[in-house]
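S.K.: Sequence:
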Amino acid sequence: LGNIPVMTILFSISWVVGMVVYANYANCDPRKLGYITDIDEILPFYVEDKFYFIPGFLGLIMASLFNGALSFMVSNLNSLSTVLWEDFASQLPMFTGLKDKKQVIVIKILGGLCGIMIMGVAFIVAHLSGVIEASMMMTSATSGPLLGVFLLALFFPASNWKGAATGMIASHAIVLWIAVKSLMLPLDIKPEVPLLPTSIDGCTNNTFSPHISPLISAVMSNSSYMAMATTETVWGEDDLVSMLTDPEVSPTTHDVDFLTSIYLMTYMYYSLLGTLITVLLGMAVSYVTASPDDQYDETLVHPIARKLSSWMPGEKRCFVTSAHSNSSNPNVPTISEKVTEKYNGAKNGGL
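The sequence shown runs 1 to 351 under full-length UniProt numbering.
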């Protein structure tokens with residue numbers, strides 16, 4: 001909760017920057033004029049246009065952006081490699097009893113391999129309209145199943161670890177498959193993402209700063225200028241501007257099948273789809289694999305969630321007290337004591 005004010009301020013700053021840039025270029029879009037080719041270039045262009053009088057300011061902004069992205073990636077790589085070692089690699093027989101120095105070497109190797117895999121994502125970004133879309137797509141594809149697992153644990157008393165694991169794995173596989181297939185679709189059948197309305201009606205010779213090439217220089221570099229120069233027609237400013245803009249192309253319709261229509265789903269719905277698959281499939285598997293021996297630590301679930309789960313259909317969840325919460329009453333067995341007793345009983349029965 002302590003991070004909420006800081007995150008609110010950081011996100012608010014980015015929103016304010018976006019609104020300021022849009023307010024400056026709403027009536028004279030540099031992308032429509034050909035000064036930039038991608039939406040992601042609008043912020044560097046704005047810095048170059050409005051802060052040209054500060055030497056090195058554009059380089060400072062770009063260095064800050066790259067530094068923030070790289071530092072964020074380094075911390076994620078270190079965390080990812082450490083988790084891979086602790087939860088997976090360290091359990092392998094070949095790494096049993098490995099010394100601390102060699103463990104560090106293995107973790108660094110895992111970090112390097114993860115870095116190479118992340119670099120491969122750059123080729124996927126080339127098929128998207130921007131970095132923001134790529135980030136949102138990956139976040140939506142992975143956050144939905146995670147939310148579904150938490151919802152299963154909190155509000156559905158009949159759920160168990162088998163259902164949660166099955167639902168989460170299947171949800172990740174399905175949503176990631178849809179995301180990958182959506183990237184492989186031809187561009188002509190993908191719906192165009194609507195943007196905020198912009199125009200070039202307010203463009204003048206003084207719209208951009210003096211050091212940026214004026215509008216006439218862009219026309220001179222256009223191939224259509226040669227045809228204009230060889231005729232005796234009088235060309236006005238509107239004609240020059242129209243030469244820089246792309247001609248309107250009537251949209252084409254394509255007949256798509258059911259699977260293609262699913263692949264065309266916006267990435268904004270990936271989280272919802274992943275959550276639904278995890279909850280529904282997890283509940284189905286939990287009902288099939290339910291056991292009266294399933295017991296849960298009541299201290300791991302909030303009292304409000306326990307109250308809400310009692311209203312849900314299905315077998316009521318069997319809560320047991322933990323060793324920490326039951327230290328004042330030694331007569332009630334703890335979870336560890338129950339597990340030990342059950343293990344010893346099974347062992348003696350086998351003998």
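Derived from the structure by calculation, the hints contain no laboratory data. Worth double-checking, as some hints may not be accurate.
Said to hold, decoys possible - Subject to a maximum C-alpha distance of 20 angstroms in a straight line, what follows is the list of computed SDA-like cross-link-like pairs (lysine to any residue):
1) K162 / S291
2) K50 / A179
3) K181 / T96
4) K101 / S90
5) K102 / I118
6) K32 / V193
7) K190 / L92
8) K307 / N160
9) K190 / S75
10) K108 / F123
11) K50 / S90
12) K50 / C28
13) K190 / N205
14) K108 / F155
15) K102 / L84
16) K181 / S209
17) K32 / S14
18) K181 / I212
19) K181 / P197
20) K162 / K307
21) K50 / L70
22) K181 / K102
23) K108 / F95
24) K181 / L196
25) K181 / T260
26) K181 / V288
27) K307 / I118
28) K32 / T139
29) K50 / L33
30) K32 / I13
31) K32 / I212
32) K32 / Y263
33) K108 / M136
34) K190 / Y263
35) K102 / L92
S.K.: If a hint holds in the structure, say so; if it does not, say that too.
M.R.: Each hint tested on the structure:
1. Taking the CA atoms of K162 and S291, the gap is about 11 angstroms. The hint holds against a cut of 20 angstroms.
2. At roughly 38 angstroms between alpha-carbon atoms, K50 and A179 are farther apart than 20 angstroms, so this suggested pair is violated.
3. Straight-line distance between C-alpha atoms of K181 and T96 comes to about 40 angstroms, which puts the hinted pair past the 20 angstroms bound.
4. Of the supplied pair hints, the one linking K101 and S90 holds, its CA atoms being roughly 14 angstroms apart against a limit of 20 angstroms.
5. For the hint pairing K102 with I118, the CA-to-CA distance comes to about 24 angstroms; that exceeds 20 angstroms, so the pair is violated.
6. For the proposed pair K32 and V193, the alpha carbon gap of about 16 angstroms is at most 20 angstroms, so the pair holds.
7. For a cut-off of 20 angstroms, the pair hint linking K190 to L92 is broken: about 45 angstroms separates their Cα positions.
8. For the proposed pair K307 and N160, the alpha carbon gap of about 18 angstroms is at most 20 angstroms, so the pair holds.
9. Under the criterion of a C-alpha separation no larger than 20 angstroms, the hint pairing K190 with S75 is inconsistent with the structure, at around 35 angstroms.
10. Simply put, K108 and F123 have alpha-carbon atoms about 24 angstroms apart, too far for the 20 angstroms limit, and the pair is violated.
11. Using a Cα cut-off of 20 angstroms, the hinted pair K50 and S90 is violated, with the two alpha carbons roughly 54 angstroms apart.
12. Distance hint between K50 and C28 is fulfilled; the C-alpha atoms sit about 14 angstroms from each other, no more than 20 angstroms.
13. Taken as a hint, the K190 and N205 pair is broken in the structure, with Cα atoms around 37 angstroms apart against an allowance of 20 angstroms.
14. Pair hint K108 plus F155 does not hold up; C-alpha atoms about 40 angstroms apart against a cutoff of 20 angstroms.
15. Under the criterion of a C-alpha separation no larger than 20 angstroms, the hint pairing K102 with L84 is consistent with the structure, at around 15 angstroms.
16. Between K181 and S209 the alpha-carbon distance is near 44 angstroms, which puts this suggested pair outside the 20 angstroms criterion.
17. With a CA separation close to 23 angstroms, the supplied pair K32 and S14 exceeds the 20 angstroms bound.
18. Distance hint between K181 and I212 is unfulfilled; the C-alpha atoms sit about 41 angstroms from each other, more than 20 angstroms.
19. With a C-alpha separation of about 30 angstroms, the suggested pairing of K181 with P197 is violated against the 20 angstroms cut-off.
20. At roughly 23 angstroms between alpha-carbon atoms, K162 and K307 are farther apart than 20 angstroms, so this suggested pair is violated.
21. With a C-alpha separation of about 27 angstroms, the suggested pairing of K50 with L70 is violated against the 20 angstroms cut-off.
22. A hinted pair counts as satisfied when its Cα atoms are at most 20 angstroms apart, and K181 with K102 does not qualify at roughly 40 angstroms.
23. Taking the CA atoms of K108 and F95, the gap is near 15 angstroms; set against the 20 angstroms cutoff, the hint holds.
24. For the hint pairing K181 with L196, the CA-to-CA distance comes to about 28 angstroms; that exceeds 20 angstroms, so the pair is violated.
25. Proposed proximity of K181 and T260 is supported: the alpha carbons are some 9 angstroms apart, at most 20 angstroms.
26. Between K181 and V288 the alpha-carbon distance is near 32 angstroms, which puts this suggested pair outside the 20 angstroms criterion.
27. With a C-alpha separation of about 43 angstroms, the suggested pairing of K307 with I118 is violated against the 20 angstroms cut-off.
28. With a CA separation close to 30 angstroms, the supplied pair K32 and T139 exceeds the 20 angstroms bound.
29. About 18 angstroms separates the Cα atoms of K50 and L33, which keeps this hinted pair within 20 angstroms; it holds.
30. Restraint check for K32 and I13: not satisfied, since their Cα atoms lie roughly 26 angstroms apart, outside the 20 angstroms limit.
31. Of the supplied pair hints, the one linking K32 and I212 holds, its CA atoms being roughly 16 angstroms apart against a limit of 20 angstroms.
32. Taking the CA atoms of K32 and Y263, the gap is about 30 angstroms. The hint is violated against a cut of 20 angstroms.
33. Of the supplied pair hints, the one linking K108 and M136 is violated, its CA atoms being roughly 28 angstroms apart against a limit of 20 angstroms.
34. Distance check on the hinted pair: K190 and Y263 sit about 10 angstroms apart at the alpha-carbon level, within 20 angstroms; holds.
35. At roughly 15 angstroms between alpha-carbon atoms, K102 and L92 fall within 20 angstroms of each other, so this suggested pair holds.
Checked against the numbered hints above, the structure violates hints 2, 3, 5, 7, 9, 10, 11, 13, 14, 16, 17, 18, 19, 20, 21, 22, 24, 26, 27, 28, 30, 32 and 33; every other hint is satisfied.
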